[in-house]
Amino acid sequence: MSTAKKNNDDAQGMDFLQSMPRRWVTVYIPIVLFVIVLLFPFYWMAITSFKPDNELLSRDGNPFWIIGPTLAHFEKLLFKTEYPAWLLNTVIVSVVSTVISLAASVLAAYAIERLRFQGSKPAGGAIFLAYLVPPSILFIPLAAIVVKLGLFDSRMALILTYPTFLIPFSTWLLMGYFRSIPYELEECALIDGATRWQILVKIVLPLAVPGLISAGIFAFTLSWNEFIYALTFVSSSENKTVPVGVVTELVEGDVYHWGPLMAGALLGSLPVAFVYSFFVEYYVSGMTGSVKE
Amino acid sequence: MTRLERFQNNKNALGWAFMLPATVLLLLFLTYPLGLGTWLGFTDAKIGRDGVWIGLENFSFLIGDEVTRLALFNTIFYTVVASIVKFGLGLWLAILLNKNLPFQSFFRAVVLLPWIVPTALSAIAFWWIFDAQFSIISWVLMKLGLIHSYIDFLGNPWNARISTIIANVWRGIPFVAISLLAGLQTISPSYYEASAIDGATPWQQFRHITLPLLTPIIAVVMTFSVLFTFTDFQLIYVLTRGGPLNATHLMATLAFQRAISGGALAEGAAIATLMVPFLLAAIMFSYFGLQRRAWQQGGDK
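Line by line, the protein sequences are chains B and S. Heads up, the first sequence is in the numbering used here, so the first residue is 2 and it goes up one at a time. Heads up, the second sequence is in the numbering used here, so the first residue is 17 and it goes up one at a time.
For reference, chain B alone in the conformation it holds in the complex (with noise of 0.2 Å):
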């Protein structure tokens, strides 16, 4: 142990105590085996929508590769179905509400955790319960309350039911920022007779930016990926989103045109990887530190 080198940097551990061959056994090759299992079905989803349809209907020949690859299924898919509209439908949905809860969430996180009002403890406990109740109970009483306010099959039914998942999310991801952000700046301000709006808007949201980054991402991603009240609540096809679409528009009785389906999830998946490529770390900030708070 004594000659062993002096290792610097903490937080490679124990690590050099391990033989090469036996990294790679217990290491390298267990890794790479998650890697490809977890990825697979993004591979396969894309090598099917660009496989012509006798290759696909046909048990000879290689199945990982393709040998004359189409455009056709995209073609469809693009100008046969109403996936453009979809697209749209689910962007502007996605967008919205994110941007509705952002606000709302912004203004109640700073509430809670720092205006420290009488009532924002229980405020904040409230919050996280909202954040534990799933859609899957919400959805049926939901359902008659937006008959009952004539917002079926509409996209504001969505607009204004995703917040319910995403407020708790981002309020609880915006206390945690927000409490690490000094109170001695606040305090500076306040001496210097600024009103919370001011410092809210110029001192906490400057210093929130990383925060917020998280919140938005997630909340996108979220709304983006969201199923069961857009199966729900909307019933005309031009109204849909990706998902519902996909899933509820593109079967067609006992005949699956797995061409185009495939090339719609993957055209349906690519803007939140495409986002989330670019706020890797904001992503899994924000995740594990709902997760740690």
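The set of hints was computed from the structure by calculation and includes no laboratory data. Every residue, glycine too, gets a C-beta built ideally from N, C-alpha and C. Be a bit skeptical, because a hint or two may be false.
What the hints assert, rightly or not - Calculated lysine-lysine pairs in the DSS-like style (CA-CA distance at most 27 Å, straight line):
#, chain 1, residue 1, chain 2, residue 2
1, S, 27, B, 122
2, S, 27, B, 203
3, B, 149, S, 27
4, B, 203, B, 122
Stated by the list, open to error - Some chain S residues close to chain B (C-beta under 10 Å, calculated; not the full set):
#, residue
5, 53
6, 109
7, 113
8, 124
9, 135
10, 142
11, 190
12, 197
13, 250
14, 254
With chain B fixed as given, assemble chain S onto it according to the hints.
Below, chain S without anything else, positioned relative to chain B:
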């Protein structure tokens, strides 16, 4: 001082004003439906018709209903098996990712992909992977000579249960792994160094250092995982719609089928209400997990 300025510096008035948008949205679309759903469970409401109070009739019908009992069994089976597998594989993946790897951040980013893409869409990919005629899994197993005919993944009750659990595990591992990884990264390496000097084996290190220090975060992560799995809807709806022979119906899909497809709003609401006791149990679990964490840190919050 003008009235506006006074208002702006009054903690309580300003606090509640700031809470207003969130409170209104949550009361109207979360608290109210939660109450309404429970109330609907005790009525005979149908789609397009307000119901009248009929007491426990829905619940006594559901308890005697074969399909509901099967759905309850399926939900518990699905949740227990999927959660255990997700925890085992997720913890393993987290430990692997915590080693000093080349391309560590790349691996971490890629591993999360199944969690961020829409479940309904990745479920479609699984639908195709599990296809009875052209399944890639069957094709590979045939080529390897392990099976002699294509497997009917979603057509046979037990095959369908296992296939849906596999898809659920695939989707849930990233969440468990990345959250536990965050927990692992907070454990100081000096514990491992000290125990290695005292001659601890890797298993002893895992058992007596990693596991105890990770327990609080495991409790929280698994509570969320159980919550998501127990209330799962999309995967089943896309892959099997509850079939074959209701073998994969979960409480959520059954509630949807009865209430929205079948029009029996009250019955569906009663099924959804039946899920609440289980969810409360999961939340209590989380609560006590958090308590223990605070106690371990010596905090009194």
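Tested hints:
no. : hint          : verdict
1   : S/27 - B/122  : holds, 14 Å
2   : S/27 - B/203  : holds, 19 Å
3   : B/149 - S/27  : violated, 37 Å
4   : B/203 - B/122 : holds, 25 Å
5   : 53            : holds, 4 Å
6   : 109           : holds, 5 Å
7   : 113           : holds, 7 Å
8   : 124           : holds, 7 Å
9   : 135           : holds, 6 Å
10  : 142           : holds, 6 Å
11  : 190           : holds, 7 Å
12  : 197           : holds, 8 Å
13  : 250           : holds, 4 Å
14  : 254           : holds, 6 Å
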